[in-house]
Amino acid sequence: MSAVTYLEAISQAIREEMRRDEAVFLLGEDVGTYGGAFKVSAGFLEEFGPERVIDTPMAEGAIIGSAVGAALMGMRPIAEMQFIDFITCGFDQIINMASKMYWRVGMPVPMVIRGPSGGGTKGGPFHSVSPEAWFFHTPGIKVVVPATAYDAKGLLKAAVRDNNPVLYLEHKLLYRMPELREELPGEDYTVPLGKAIVRREGQDMTILTYGAMVHQSLKAAQILEEEDDLAVEVVDLRSLTPLDRETILESVKHTNKVLIVHEDTLTGGIGAELAAILAEDLFEYLDGPISRVAAPDVAFPYAPPLEAAFLPNSEKIVAAARRLAAY
Amino acid sequence: MRLGRADLLQIYSLMRLTRAMEDRTRTLFLQGRVVGGVYTAQGHEATTVGAAMTLSEGDCIVPQHRDLGMHLARGVSPRAVMCQWLARGNSPTLGRDGQVHIGDMHAGIVPMISMLGESLPVACGVALAMKMRGRDGVVLASCGDGATSTGAFHEALNLASVQKLPVVFLIENNGYAYSTPNSKEFAVDTLSARAAGYGMPGATVDGNDVLAVMEVVEQAVKHAREGKGPVLIESKTFRVRGHSEADKADYVPPELREEWLKKDPIIRFEAYLSEQGILTEERKAEIEARVKAIVDDAVRFAEQSPAPDPATVADYVFAPDGPIAIIGEADDHNPRYVNALDTRTGKPFTTMAQPGEPAYRAPEEVAKR
Amino acid sequence: MATPVKMPRLGESVAEGTVGSWLKKEGDLVEKDESLAEIITDKINAELPSPVAGRLTKILVQADETVPVGADIALIEENVEATATPTPATSAPAASAPAPASTPVGAASQQSAPSAPARPQGTTAMGNGRGAASSSVRSAPEQQGEEERQRISPLARRLAREHGIDLNDIAGTGLGGRVRRDDIMAYLANRQAAQVAQPAQPVQVPAAAATAPAPVTTAQPAPTATPSVVPRATEFVTIAQTPDEEVVEPSRMRLAIAEHMVRSKRTSPHATTVVEVDMTNIAKWLEKHKQEFKQREGYSISYVPFVMKAVCEGIRKFPLINSTWTPDNKIIIKKRINLGIAVATDVGLVVPTIYDADQYTLAGLAKQVNAVAQRARANKLTVQDMQNSTFVVNNPGTFGTIISVPIINQPHAGILSMDAVVKRPVVIEDDAIAVRSMMYLCLSFDHRILDGAQAGGFLQAVRNKLQSYGREIDVY
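Chains A, B and C, in that order, give the protein sequences.
In this text, residue positions in the first sequence follow my numbering: the first is -6, and each later residue adds one.
In this text, residue positions in the second sequence follow my numbering: the first is 217, and each later residue adds one.
In this text, residue positions in the third sequence follow my numbering: the first is 315, and each later residue adds one.
Since the hints were derived computationally from the structure, they do not count as laboratory data.
Zero decoy hints are in this set.
Ranges between beta-carbon positions, derived for each pair: (1) P551/B - P118/A: 44 to 52 Å; (2) P539/B - P43/A: 21 to 29 Å; (3) H130/A - D239/B: 37 to 45 Å.
Small disclaimer: the values here were computed from a predicted structure and weren't measured.
No residue lacks a Cβ here, since even glycine has one placed at the ideal position from N, Cα and C.
Next up, chain A with everything else stripped away, as it sits in the complex:
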């Protein structure tokens, strides 16, 4: 198989699942005739027909709500949010209908909500959000964030096969990034939910991160090795709910210093929860304070210099790592 982009990997995942299981179908705005705003579902309408590739009206509540209804009937809908920012229009359906259903009545809701999240594309405040914290906080929803093409495909397949509502957060900046092109296995594979992966090993410090920030962290780790002789371990969480506590704790136990990096804003971001877990479970293994690099507590700005100042990047990570190393 030839190398594919992160976006192509997502497309492959949906296509293969729809071929494999007739209960799987796709619904969302512009997914059919147009092939999706980002062309994830290009060609799908032709292959699967309008019954299984549904161009919905502009109504996120109805998209998500009808996905719940179909899932209750035993189908496996994939509901697309054209930009994940629009998920707020369907908030009630996720929080009160989808997430509580199984817990209340014992009936599973096997659905996936997916869409492009994250910034760096001059999208401004309504096309760049990182929404994971809102749903990480809600019991009953799984949240996954792939950072590579391999994981994008494997995690989406696993999400479709999972019997719970899964929020699958793609990062739009990674969609067509040439550096992320990779050859994927020809045979069917999944990446299990709830397993993090160590992208780079090291014994001086751990960086816990996910999404596009994995790549910024790896860049930073390289710099730190070359310039500071600091061996930084980079852990890609991949799955926020369920969280792979074991891998996280093992790594920090070993390095004794931890830096958490995420593109989401600082206060109440995933990093805050990770910091609490680390402080509770590994207090006597910490040789320095648990540190975080995140965006400032403000909405996502549009103008390029503001966007650059807003987003964490390898330089900011390097600076924070150096401060932590010196402690």
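Starting from the structure of chain A, add chains B and C where the hints point.
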């Protein structure tokens, strides 16, 4: 719909059972044995029982809080309902949720949530699945006059109409959304007028006349079942009690209430059945006794059921892995499917009446169909 | 048995109710669910159905009386002959829902009381939303205990506990003198080493090779030959004996210094040798150019960079000066010349490192020295700063002393003191007498590694370098 004597008596029994269950729930509440919010629907019995009785087995109801009549018409267990009210550990929600927030997809009942209106898009999803699977099932989705103001109502009707989904939207317009009268809720004269805005047929019916309701709903169900798309029905009735049992409802002019009490659906139907010679005094007494026995049994069963175990408070967040059956298709009760059983307990769902529960129907009511 | 009839809760937020009127009187027989009384609340009015069948034996609350929800308002004697109706579980009103045990998922804090290590360095937020986030180290906290906690990372504390180390023994190399993992590990390595090394005999400098200048032994300012300066609580406790005495608690840093000094003397057999250096040309240059240099560069230049450069020269000629004696009796010669420069701060003496000192020009060395001294005084020294020195230059001359005999900074082979430059009459060429700016350089060295020959040779090289400068000096 050709209704025989047995059918009519069945309908009447269900209306009586609905009323008796709610009266008893009120008593339990006043005795402090039911906690939290208690919602009843005195006056809705014609709408709820009538509408649900037009459905076939493969159809689905998406009820709201005043639709106990629909639940009972579809065969929901009164014991399960009382376990819900009494927050028992073996209730269909294992004590996690209260009131009639219950359902069972195998029996075509979608469990409601408190955000009224939000069930309507879910109804669309159920109908969508039926349509995708080439089935001729119909979804009966109800809501109140208040819920018609939500965005979810609009989104659902719009989606159903553009996708031609087999949904009958039944608005139970009982005059008030809590303390908000129709005059503050919407600006049109009848809610069924909104149907035109979605390109679907609409009708308004006297919601306290059970046979009228059945006739209109039956037509709508047929329309939907034939693939012609959704229908909007407004059933005009009245909420003669408060929004909840903790609401005095003195915002309702007493004369208005008095007027509607005279139009009580059970009294009206009794009168009709008596005129037709179908309901005699003995038959009536016998039905009352049977209904009381069912309610007594349900309460007794619930009181003897255990409270939920606090140790399980953080359990049941996620469903386990495994295959899922498409509801209504072959083998969907096979326990290998995660949605065939209540995997929280490993046991079958308890929403529907089980064998051994007192029967709703008297022998001759079942006989000639 | 009398069954109580309780005031019901008619509505979630209702806390009390009033008996409007009694529909039954005392002595009446009542059926189950039969209405007993009319109850009035501010939400609704309702009739109260009897919980059991029996006889209403006692009315406890009269009409128009208001009582809280749950209060007994009447008693019913259940009729034994009547059909046994099971006494309903009179559940208490809503409030009695058991509060679920608020167990945090996952293990909570471990054994010892969690103390918050100084937090501020941790968070990095770009922007205004987190004003206080990047504040620097907290200023001097009140209690000793608080200060202690600041000085030790949780990990280091645990390691210390596990290895039975008294934290008073450890000097911290973390920011602000914090004790960190590496310090514990270094201490442990050292502890092992100290156990292996020979006990040091105080040795006077031998009358060595003729070329060496006359060895001078002077009394050391430091206390002599006490096995340990650290009072162990179990062995010895000092209290003021009389009003004429004052007991002072040494700071952590002082204790660390004390420990090091004792250990150094115990480890290395110290010998000392001195030269005097004619610094006249350098002194004149400094007098003439010091001010302008400072103005131009923003940092000062002094005798120190000159001596450092000369020391590098000396080390190049005598590499053995830049070495270490290992616990297994080997000598490791260090290739890089990382000069430690002693800096006095208000908390004590620190010796930060200037890496590859031989690569800098005089101006470059001045810049490095200034930078490191500033960091030291601001308590901002990094790990790097505090490690890896190979030889130390000490500068007590600022205090006006003319000769000082320093103690070696372990694990070096020697340490050089440069004392005050003083104008003195000396004999120059052709037996003339002139007034020159003279400085004594005093080298303490580890006699295991070095003999007087290398020591003297080194000092000679240093002196020659310093005396090689003419009137015009290019410091760049």
